[in-house]
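Participant: As a plain string of letters, each chain reads:
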Amino acid sequence: MAPKIEYYCPCLSESPHPPPPNRPSSSYSFHPLHNLFFCEECDAVRCNRCVSVEVSGYYCPNCLFEVPSASVRAEKNRCARNCFLCPNCRNTLTVVPSDPPEDVDSRMSPIVSTTLGEPPFFLYCNHCRWDSAEVGITFEKPTGLAAQLQKFEDSAPEALEFERLKEHFEPFLRASSSSSALPSASSHHVHTNPITAAASSALARDIPGVGKYNPLSRSRVGREKGAHRQEYPDYKSRVEVGTALSGEADVEFLRHLETVSQVAALEQRWTNSWVSPLSASDLKPLRIPLQSKKSKRCPSCRHILIKPEQKAQSVRFKIKLVAANYLPAIAVTLPHAQAAIEMLKRTSKTTSAAAQAEEQQAAGALIAGHSYSFHLAFTNPLYDPIQVRLAKAIAPAQTAEGDEAAERARRSTFQIQLPSAAFPVGAFAEAWEYDDEDEAMFLDDDGMEVVEARGKKGKDGRGKTRSVGIVEKRANVTIVSGEVLIPKEARGDVKFNMLVSYTYRSDDPEPSEEAQTGTPSRSHGANKGPEMKNFSFYTVVDLGSIMYREEPKLTADL
Amino acid sequence: MSTVPATPRRHAAQESMMTTPQTTRVASSHIVQSSPHYPTTRRHSLYGTEDRIILDPGSRIWKVGFSGEGKARDVFYAGGEGGQSLWTLNRASKPADREEEDRVLEAKLEACLRSVFHNSLLTDPKSRKVILVEHPLLPLHIKEIMARILFNNLQVPSISFASSHLLALLAAGRVTGLVLDCGHLESSVLPIFSFRPLYPHLRTTPLAGARLSTHIKALLLMFGTYIPPATSLSATMNIPAATRSTRVPQDVLTDKVIDEIKTRICFVGEPLDTEGPSQSMSPGPGDDLDLPPSDPAMSESEFSRVSADIDSNFSSQHAGSSSYSVVSHSQLAGMEHGQSAQSGVQVLATMYSRHSTATDIHMRVDPPPSQQTGTGRGTLIIPGWIRERAAEVLFEGGDVDESSVAEVILDTLLKVPVDLRKTLASSILVIGGTPMLPGFIPRLQAELTRAVSQTSNSSSSSAAPSRAGKARPAVYDRYAALRPLLPYFAILNNPAPPPPASANASANAGKVPAFTPAMMAWVGGSLAGALKTGGVEVQREKWDEAEAQSDEDVPMESSPPRPAGGAGVRSSPAKNILPDWTRSPLPVGAPPAARPPGAAMSSPSVQVAG
Amino acid sequence: MPPIRDKFTIHSKAVVCQDVELKGDITIGAGKSSLHLRTIVHPKATIFAIAGPIVIGSGCIIEEGAIIVNRRKEVMRIGDDNLFEIGCRVESPTVGNCNTICTRARVHHTLRISSYCVVGAGVLVVPTEDEMLDEYTVIYGPAAERRVWSGRGKVQEMDLRRKHAEYLREMLPKFNRLRRGDGA
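Protein chains in written order, with UniProt numbering: chain R, 1 to 558; chain B, 1 to 610; chain P, 1 to 184.
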C-alpha cells in the first residue's frame, strides 16, 4: 500500500486535537484533502460528516432531466420519464420496438431497414438481454413509459391494502383521540371505549405490563372486554396471506432448484413489502432513482460551502470553498520504495500485473530494524508564499487508563524525525501549471531521480539518507524529508499525527482582514503584523505497515 | 463524598423521567386530536410536515421510507456491502474498548443516518419528524447514539419511538396478538393485548439469523464440496472435476456467500418425524447409531478441527453435537452415550440426506485470496439437505438458555395470564428477516403443535437428552398447561395454514394482509405515521434542553458510575428523556398480568442492562 | 511437434487488414451466404491455428486485439454473423452463428458456443468440463452469470450487425492495406 496522508476534521470529537492514529475509530476523523471544505467565516476545516446538506435540485442521473420538486414526492423519488433499470443486472434499459416478422428474405438481403419500429415496444437490457416482455410489460408507444406503468403501481396490492388498513384504524383512533384528550384518570370515559383508549395511550407511551395509568379496576374491565372483544370488528384483509401466495409452492420451487440465479437475490426483492414470487424471472423493471444536487453549509455559522449550479447538466459550482484551495496539499512518498519500483519496471517488463503489484509492495515494505527517509511534498495553493512548520503531534493527555501502556508501547515502536525549522513554499501562480508540467510529472513519477540529478545529497538507491530537511524547492512545491526509525521489535502500522502550521503574508489585506475577524487561530499571526496569517491543521501520515523479515530469527533469540 | 449530593440528583432525574412521558403524551395527544383538521392533503405538494420518516434500523439491514406509503423507499445493508452487523449481542468488557467500540459505532451510524436523508430519501432532515421503529431490546446506548446523531448532527425536529412488535401487529390489522420477531441477532416474542405491549412477558432466544448463518457455514465446512478454478487458462488437458474437488476452504465462505446461500437457496422442510412415521423410521438411524459410520474420507484430525471451529462458533454449546441434534431427541438421546460428537453429526447428515429430495446446488464463488490465479471462480457444491435442513438449528429446543423458536413462543404463553392464552395462541404473528425463508412459518406451526402435543415421556427426553434421562418424566412436561390450547394455535401470517381445528384458528390463520414478514414493522410504522400517532415523541427542544442541562451536570454525572437501568459508560442526560420501558417504575405498572410472580421481569431487563 | 504450416484462404469478398497476425491453416469468409456478407478482420487482430485449422464463416466482424486460437486438433469452425469485440479471446472449438463475444471476454476451449449467444464484457468463461452453450445463452457480469435471452430483438440486432459490416467494408480499405489469401 502506498503511503498516504489524510487531514483531520475535529467534528467527531470534542477536543481540537486528533485522536491517536492507531485506534480504528480514528479513521473516521481523517479525510483526504479533496473531500474537505473550508469555512472562511469560522476559519476551519469542515468535512462531509459535519456539514449540513440541503437539496438544491432533483434530477434523473440517466436522462439528466431536472425534476421539479413538486413532482418528486408523487413519483417517489424516481424518474417519471423513460428511465428504467434492469431488475437483473441494474443496467439502464432501452426502449426497443418489436422485431419485424421474420421472413426468409430478410436473412438473405444484406440490409433490411427497420428503423421505423413497430409496436409493441418493450424495455431491453443491453447487458444481460433481459426484456420486459418476459414479464408481460409492453408499451404501445415508446414515450412516457412511466405514465403507462403508473396505473399498475397505483393498483399495487400493498398500496390498496395500506389504504384499507388506514381506513380501518382511522375511526378507531379518532374516537380514541377524543377520549385520551381528557385526563387519563377519567376511567368512566375509558370505560366506554377502553380498547381505543388503550391504543392511543400505548402508542403514545410504552407501558410495562398494561401500564401505570390503569388502576387494577380498569384493567379488569379491559380484560373483560378482551374476553368478548368481538364487538370490535377484526380487520378483513383485502388479500389474505393464505391466499395471496402459497408458501408450499415456494418450498417446492426451492426444493427443485437447479441454479442459484433462478432465485432473485435478496437485494432484488427486499424493498417489496408485499409477498412476491421468489423466482428471478418475475422481477419487474425498476424506475431509476433520482439524485439530488446538494448545497452544503457550515454547521456552525450556516454559511454556504458548496453550491452547485442549478442545471443538471452542469458540473460547475456557484460557490465552492474546498479545503484544497486553502491548505497546502501534501504528498508522501517513500524514496526507497519508489526507487525499487523503478528498478522493477526496468527489469521485469513481462510479469503480470498482479505479480508486479505484489513485488512493488515487497519493495516498498518497511522492515523492522531499519530506518527510512520519507518525503513530504508540500504544494501551495495560495497566491502568497507560505512558511510551513511541522511538528509531530503528541496526543494531549493520555487519560485512557487501561490501554495506555499498550498504546505507549505501540507508539514508541518507531521514531519520527521531522524538519524542525520552518521552510518556505513558493506562491502558486497559474503559470506554474503550464511551465513545469513536464518536470512536475517527472518528479511525481520518480522523485528519487530528480533528487539525484540535482545532486543535493549523495545517496545510494536504497534511500539511506540521514538528512532531515529540505530536499527540493521549486515553483510552488517544496519537498522536505523526514526520517522514521523502526526498531526490531516494532509491530503494526507506521502511522503518526502531524501538526502542520503555516504562516503566510497576504498581499491584499482587504478581504483577509474581513476573514480575520473573530478567527481565533489567526490571532497568533496578528502580533507579527497585520498581513501575517497563521493556520494550523492536523494530519495523519500513514507510511504503511511494518514487515518482519527476521521473524524466525527473533523468535530463536527469545 | 461526591456521591452523596449526586444521589438525590439522580433521583430527581428519575422523577423527571417519570413525568416526562406524561407530558409528551399530552403533547402527542394534542396532535392526535388535531388530526381531523388534516384533510387528505397528502397528494398535493412535496412532503407535507405531517409526512414522517419511518426508520427501521436493524443491526444489519435498515428500511427507510415515508409514512403513508405501503413500501419502504430504500432498504440497505447498514454495515457496508458485506452485510456485517453494526452491533452484536456482546459488548467489550473493558471500558476503554467499549468506548472505542461506541465511537466506531457512532461513526458508522452517523454515516448511515446521513445517507438515509441525503441519498436514500433526498430530503431535508430539519423539517422531517422521524418515527424510529424500535426493537424492545435495542440497547440503550445505541438508541442514545442514534438520538444524538439525529438531533445534533441532522437536527430533526422530533423522534418518536415505537415498538416494532406493536407496529407489525398494526400492519396486520390487529390489536391483540403474540408477535415473534425473528431477526438477525435474536428472536423475541412479545404478547400484545389491545395495543398494550406486555413487556414483562417478553422472551428472547439467540436462535435467529446470525445463528443460522454460522450453522450453514459449519455444515458447509463439513459437508460442502469446493472445486477450485482451473490452475491455468492455457492448459489443454482437463483434470476431471471429481479429482479436483476438495473440502471447502474457510476463506471461500465469506459472510456474503453465506448470506447469499441463506437468502436465496435455503428453505425449511417439514419436520422429519411426525408421530407415526417416526416410529417406523427410527430403526434405520438407530442402526447407524449403534455402528457409527466411519468416514474414511475425513480423518480424525480434520474432524476435530471442524468441530473445534463449530464449538467456537456456537460459543454457548456444551457439546459439539448438541448444535446438530436437530431432528429428534428421542433418537439422539441414546446416541449421546459414548458416541463422539463427530459421528453424531455424520449420522444426522446421512439421515437428512436420505430424507431430502432437494437438489444439490452449484454456486460460483470467489476462490480464497491465497489461491487466486486469475482463472475465474471456483464452484461450491451445496448439498440439498443442507439447504433444507440448515434451519433445523432454529427449531432445536431443549436448551435452557437457547430455547427454540417454537419454545420461546410457548414460554411466553406460559407467562401470560391464563385467560389471555387462548386469544394470543390463536393470533401469533411472525415477523423479521429469518421468517422470509420459505417454509419457515408452516414449520413453526408444526413445531408448536409438536412441542405441545408431545407426551410427557418424549418431551422429557427432549428437554434434557443428556441428563437424567427418563427418570423424572412428569417434571419436564413443560407445556402440559398449554395442551388444551392445541386446536387454537394459529399463525396469523401463515401462508399455508393447516386445516383449522377450531373456530378461532380458522378465523385467524393466514387471514392477515400479505405483507412480507420482514417489512411488517416498517409498514406498521408507516401506518402509524399516516394515522398521526406512533410512540413517544421527543422534541428537539427538549433534547437540547436536557443536553444543556447535562453540560452543567457533567462533574456530577461522572461520579456516580451507574444509573439504575443504565448500560453505558458515558452517562448522558439523553437517557432521561428517551423513552425506555425497562426503566419505567415497576411497582406502578403492576399489571393484571402479574399473576405469575414478577420473575418474568428479570430476564429482559437484564438483557438490556447487560 | 511439427512447425506450424501457414496456409491462409481468404475469400475474395472478405476484408482482412494487412496488420493481422495469422498463423497456421486459416480460412476466412467461407460461409454459404458469402455472396452478400463479408467477414471483416480489423488490424491487430490475431488468429492462431496452433493445432488444428480454423474456418471462419461469412459476415463475422473480428475487431482490434481480438484473439482467436485453436488449441485442438480438429477444425475450429466459426459460423456466420459473429461479432468478436475488441480484446476478446476465444478458444472455443466451435462457434455457431450470430454470437457476440464482448470486449475483453475470454472463452476457454472447453466451451462450445452454439448460436445467438452473448458473452458479456470482461467475462471469463472457464468451464472445467466440456460444455456446449445452449442457443440464446447470455453470460454476463463478474460472476459469469447466465440467463437465456428471449431472442426478442435479434432481427434488429442482426440488421445492425450487417450495417456495421457494410460500413466497415467501405471504410476499412480506405485506411488500411488489405491482405489477400494464398489462393484467392
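The set of hints was computed from the structure by calculation and includes no laboratory data. Some hints here could point you the wrong way.
[As the list claims (entries may be wrong)] Derived EDC-like pairs: lysine to aspartate or glutamate, alpha-carbon spacing no greater than 20 Å straight-line:
no., chain 1, residue 1, chain 2, residue 2
1, R, 320, R, 41
2, B, 108, R, 134
3, P, 154, R, 99
4, R, 141, R, 99
5, R, 284, R, 267
6, R, 294, R, 309
7, P, 154, R, 384
8, R, 76, B, 51
9, B, 126, R, 14
10, R, 166, B, 51
11, R, 76, B, 251
12, R, 284, B, 74
13, R, 76, B, 366
Participant: Each hint needs a verdict: does it hold in this structure or not?
Facilitator: Against the structure, the hints come out as follows:
With a C-alpha separation of about 14 Å, the suggested pairing of residue 320 (chain R) with residue 41 (chain R) holds against the 20 Å cut-off. Under the criterion of a C-alpha separation no larger than 20 Å, the hint pairing residue 108 (chain B) with residue 134 (chain R) is inconsistent with the structure, at around 41 Å. Only pairs whose Cα atoms come within 20 Å are accepted, and residue 154 (chain P) paired with residue 99 (chain R) is accepted, the gap being roughly 7 Å. Straight-line distance between C-alpha atoms of residue 141 (chain R) and residue 99 (chain R) comes to about 15 Å, which keeps the hinted pair within the 20 Å bound.
Only pairs whose Cα atoms come within 20 Å are accepted, and residue 284 (chain R) paired with residue 267 (chain R) is accepted, the gap being roughly 13 Å. With a C-alpha separation of about 10 Å, the suggested pairing of residue 294 (chain R) with residue 309 (chain R) holds against the 20 Å cut-off. Proposed proximity of residue 154 (chain P) and residue 384 (chain R) is contradicted: the alpha carbons are some 64 Å apart, above 20 Å. For the given pair, residue 76 (chain R) sits about 13 Å from residue 51 (chain B) by alpha-carbon distance, which is consistent with the 20 Å threshold.
Using a Cα cut-off of 20 Å, the hinted pair residue 126 (chain B) and residue 14 (chain R) is violated, with the two alpha carbons roughly 23 Å apart. For a cut-off of 20 Å, the pair hint linking residue 166 (chain R) to residue 51 (chain B) stands: about 15 Å separates their Cα positions. The hinted pair formed by residue 76 (chain R) and residue 251 (chain B) fails the criterion: a straight-line CA distance of about 41 Å is larger than 20 Å. A hinted pair counts as satisfied when its Cα atoms are at most 20 Å apart, and residue 284 (chain R) with residue 74 (chain B) qualifies at roughly 16 Å.
Of the supplied pair hints, the one linking residue 76 (chain R) and residue 366 (chain B) is violated, its CA atoms being roughly 37 Å apart against a limit of 20 Å.
Comparing the model with each earlier hint shows violations of hints 2, 7, 9, 11 and 13; every other hint is respected.
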